[in-house]
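As you go down the protein sequences, you meet chains A and B in turn. Residue numbers for the first sequence, in this note's numbering: 1 to 78. Residue numbers for the second sequence, in this note's numbering: 79 to 243.
I should point out that these hints are in silico values taken from the structure, not numbers from a laboratory. It is possible that part of the hints are untrue.
To be verified - Per label pair, the in silico range of CB-to-CB distance:
(1) A:Arg36 <-> B:Arg154: 23 to 33 Å
(2) A:Asp3 <-> B:Gly217: 23 to 33 Å
(3) A:Val59 <-> B:Met132: 24 to 34 Å
(4) B:Tyr229 <-> A:Gly47: 44 to 54 Å
Since the structure is predicted, the reported quantities are computational estimates derived from the model, not experimental observations. For every residue, glycine included, the Cβ atom is placed at its ideal position computed from N, Cα and C.
The lines below spell out each chain.
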Amino acid sequence: MDDDRFERLLRGYRLPDVSPDLDHRVLRAGAAIMARARTRVTVEEIGRSLLHRLGFGYVAWLVDLVTTTDAEYRVDLI
Amino acid sequence: MIRGESGAFADLYQKYRARLHQYALSLIRSRMEAEDVVHDVFVGLAKQASGGRMPRELSAYLYVSVRNRCVDRMRRKPELSLDDVGLDLIVAPPGDEERIELRRLLNRALIALPPEQAEVVVLRTWHDLDFAAIAGMQGTSVNTALSRYQYGLSKLRKELGALGR
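One chain only, chain B, in its complex shape (with noise of 0.2 Å):
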């Protein structure tokens, strides 16, 4: 990428969009904000990239450009919504009735949680990072961390049992 290889641009994003994408639909809950929030992480990334600096740690950077860029944007607009209507942060695999079923009320219970919980049920469910990297982002305890995932998913847990699941 430093050399201008625009194939080299769009692996990297090709890889990282998706999970990117849903981090920062989880913190800021607005799909076009995410929206912009990732594609400035991604010009930021070019931009350096071609000016001969490439991040050591690639994966720390995009993940802690995403929060930054959110928490900053977060604080700049304090009107932002939280409520996007009908915001997927999960989708079911087609043909699982199970998951399909319960995804709505997933989606709804994921949303109402506080969001420091959110992401950290978000980044250890589907985005596999361990403890020690998301208390890093969220500057604080591994301990903290592993706390709020496991509050975050009792009241997910909840929320299911609550409709007999």
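For reference, chain A alone in the conformation it holds in the complex (with noise of 0.2 Å):
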């Protein structure tokens, strides 16, 4: 056989089942991670409407200044 068929022969291989107990094990734990986020995104937008009613708009815009990064995420293997 030669390189070629044999590549194609490893490649019409699938990858092997993910079992639905991962599946929902994943989803849960992610949805209610991101149920916490959205709480925390409402809340905040609360908090900064009030303080633009209230007219200390420059307060959030101060914690935006402060809070605001870049997000960069860097990887190090072990």
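Can you join these two chains into the complex? Each is in its own frame, and there are hints to help.
Put into structure tokens, the structure is as follows:
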């Protein structure tokens, strides 16, 4: 069997199935984390709008200035 | 995902789950451990995203996270079984008699490869990663990754050849 034919033979195999239990565990954990994130975003938006209405919009601006950073994530090999 | 969109998280999981699961299996060679690794990687990603930090190169981040976690687990538990009975790294498509017949043999041969060769063969063949990306993950040169791939393929072919294929 030549190289090309052997590589084609290998590529014709599929990846093994993922267990439904893993799907369930990951999606449930992810949904819970996402729900907490949505709550946090909503609370932040309400707080921001309240500050604007009370005339303290500059506080929200200052908080953004201090906390907003470029999302950069570096991965190190162990 | 940064705003807590569950749908976006589920889509990402669907897109990468099978590949990362196979990659973890090929490294750690235990179904339970591989599933725990994939679980932890996606939970870690969800936590980061919910904290407003989304990795720039998501695919690379996921692969390297799987690799790091597998290496870490193998270091912490050197007694981990590397011979999960009936471990399947590949599955034959239904109806393809030639592949069905060879599947068990190829699985065994893949698992018998040195881990660094098996890793390159898996990532190159079923994940379509280029040798530069694989070399980056293994912390080696592109030439070394290429050699590992060629040695790995050659050993697999030899195994099949021994049975007259």
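- Task: Please write out, lowest number first, the hints stated earlier that are contradicted by the structure.
- Result: 4
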